[in-house]
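Engineer: Residue-level listing of the chains:
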Amino acid sequence: MALTTAPGATRRPGRPAPPPRQIAARRAGLGRKVRDNLTGHTFLIGAVACFAVFSWYPMVRGVVMSFQRTRRGETTWVGWDNYARIVADPSFWTAWKNTFVFTGLALVLGYAVPFFVAILLNELRHAKGYLRVLVYLPVMLPPASALFLFKFYAYDPSEAGLFNAVLTALGLPTSEWMQSPTMTMPAMVLASTWMNMGGAVLIYLAALQNIPGELYEAAEIDGAGVWRRIVHVTIPQTRLILALLAMLQIVATMQVFTEPLILANGAGTQDSATSVAYLIYQHGFFQNDLNGAAALGVIMLVVLAGFSAVYVRLTARQD
Amino acid sequence: MAVDSTTRTLISPAQLRRGRGRVLYWAVLAVVVAAFTLVFLGPLYWMVTGALKSGQEIAQTPPSLFPRDPQPQNYVDAWNNLALAKLLFNTFYYAMGAVLFQLVFDTAAAYALSKLRPVLGGLILGMMLATLMIPAMVLIVPQYVTVLDLPIVHVNLLDSPFAIWLPLVANAFNIFLLKRFFDSIPEDLMSAAVMDGASPLRTLWSIVLPMSRPILGVVAIFAVTAVWKDFLWPKLVMPSPETRTVSVGIYTFAGGTPMNVVIAASVIAAVPTVVLFLIFQRNIMSGLTTGGLKG
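Residue numbers (the working numbering), protein chains in the order written: chain X, 1 to 319; chain F, 1 to 295.
These are computed hints drawn from the structure, not numbers from a lab.
Check the hints yourself; a few may be wrong.
[Stated by the list, open to error] Cβ-Cβ distance ranges computed for the label pairs, FRET-style:
#1 ASN283(F) / GLY104(X): 29 to 39 Å
#2 THR76(X) / ALA35(F): 52 to 62 Å
#3 MET211(F) / ARG71(X): 51 to 61 Å
#4 GLY255(F) / VAL166(X): 25 to 35 Å
#5 ALA14(F) / GLN179(X): 36 to 46 Å
#6 VAL113(X) / PRO13(F): 18 to 28 Å
From the three backbone atoms N, C-alpha and C, an ideal C-beta is built for every residue, glycine too.
Please put together the full structure from these sequences, using the hints given.
Structural biologist: Below, the structure is given as structure tokens:
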């Protein structure tokens with residue numbers, strides 16, 4: 001799929017660089033070129049202005065803010081002070097630990113499960129449309145709606161809660177869910193997976209449909225069973241999409257915010273739910289510490305960029 | 001559409017037709033249909049009927065499958081006490097504006113980048129696509145500060161719908177989707193129009209847009225669902241009770257409102273996107289899979 005090749009990667013190799021004089025001439029003609037193609041540039045203005053004001057500029061501003069401190073309208077440069085203060089806060093480490101646990105659990109549940117669901121759906125020849133609609137239905141709910149459903153009905157710690165009723169019916173011990181520090185994370189991941197897995201399932205399904213049937217044919221003739229066909233045909237054939245979705249899943253789940261806010265009222269029992277994104281929100285909008293929040297944002301960006309770099313290296317080597 | 005692909009998959013059709021395979025296939029199908037209905041539709045059923053139960057019935061063990069004494073009053077209370085009409089109207093208004101702004105600005109930009117060859121077009125597209133890599137949470141603080149005091153013009157957009165509409169225009173995924181579609185429109189068609197003396201705007205209006213209806217539909221649907229599903233951004237930039245979106249409104253009221261009424265409000269808030277999805281599910285699914293990624 002097109003997004004898997006980085007922009008610019010398709011540039012034809014071996015095209016000679018234009019001589020310096022030509023570059024200068026081209027630059028001098030810039031204004032003229034804009035005038036010649038006035039419509040083209042007018043069409044770009046709206047979107048480019050919005051990107052400039054709401055994406056590109058805030059990007060730079062976030063980094064600048066993280067090195068500044070504003071007190072009573074006076075902005076001063078404070079170097080790494082914001083970072084030092086943020087890192088010294090014990091909840092910083094709790095938040096990172098929780099976020100990594102959430103991301104890790106979400107990779108097991110929200111990444112592997114949709115893949116096997118997609119394989120299963122791809123094998124079925126009936127009720128396809130119905131099953132696809134079902135899987136994607138929760139994605140369309142406003143997250144606040146879905147999370148209140150989980151909070152009040154599913155994760156009710158009394159025996160009247162949906163999950164506890166099921167556990168009781170099966171003769172298993174009930175759980176306190178969000179009241180229990182050890183269950184907080186699994187419960188949040190479960191709700192989040194239910195809400196979001198539809199998108200991944202559909203993307204996997206599209207990838208599975210592109211696998212040539214002859215490959216399975218050949219594997220079967222070679223005596224490969226169903227499991228070995230998955231390992232030797234399905235997974236290698238969908239590896240780019242698998243890698244890409246792993247990346248997207250990590251980036252998305254590292255930003256977990258609404259789940260802790262609504263399900264756990266923010267921090268949760270004994271800080272068991274605090275996430276880095278929730279900490280950004282706390283600093284920025286409750287503790288009146290926009291600079292600290294900006295520093296946290298930059299730290300998050302660096303960590304996620306690290307993941308992206310690893311991803312690019314891994315996928316580049318495999319090609 | 002029981003059988004929509006005849007190509008073989010993991011398990012060969014022959015194997016599925018044979019005695020044991022056939023029994024197994026139907027058994028798996030039945031289990032999958034039942035399990036999926038239970039897992040994905042069950043909670044929604046629980047939500048709709050749970051909001052009809054009385055406070056007592058909700059707290060009883062074991063929970064009842066049907067509301068014994070349905071209380072439609074919960075829905076009425078939710079509608080009145082949370083001023084849901086106002087909240088829904090706000091959300092609808094923001095969603096429609098988002099569709100309009102995205103269609104106008106993103107289509108124009110994608111058309112320019114695809115067909116009009118502007119100066120530095122490649123660089124601009126690259127810089128737009130690069131924003132896909134930046135997590136939303138990282139930008140939340142500087143974006144908020146920017147909205148409080150827009151650079152150059154010094155306008156405060158707090159409580160203004162533009163605070164929702166304009167940032168949504170900066171959507172690299174839409175521009176990428178639209179540009180790819182425009183790229184697939186044959187160059188011959190474009191030059192024929194130019195030959196006939198059509199201006200670029202005229203070509204866009206009479207040739208490109210009519211051909212692009214499916215992709216424009218996908219962009220519009222994504223815009224509506226994005227506004228309907230967003231939570232943190234509207235919570236920050238629409239702080240007044242009069243300008244809130246429905247999700248934020250329910251969250252704000254949840255503290256002091258009976259649980260059943262909160263759930264009833266959640267059901268009402270979910271109805272528009274679910275209905276939209278059921279009507280346009282084919283377009284949404286194809287948009288998701290042809291466009292590549294990201295829901």
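Engineer: Would you mind marking each hint as holding or not holding in the structure?
Structural biologist: We went through each hint and held it up to the structure:
no.: 1; hint: ASN283(F) / GLY104(X): 29 to 39 Å; verdict: 35 Å, holds
no.: 2; hint: THR76(X) / ALA35(F): 52 to 62 Å; verdict: 60 Å, holds
no.: 3; hint: MET211(F) / ARG71(X): 51 to 61 Å; verdict: 57 Å, holds
no.: 4; hint: GLY255(F) / VAL166(X): 25 to 35 Å; verdict: 28 Å, holds
no.: 5; hint: ALA14(F) / GLN179(X): 36 to 46 Å; verdict: 54 Å, violated
no.: 6; hint: VAL113(X) / PRO13(F): 18 to 28 Å; verdict: 27 Å, holds
Comparing the model with each numbered hint stated earlier shows that hint 5 is the single one that does not hold.
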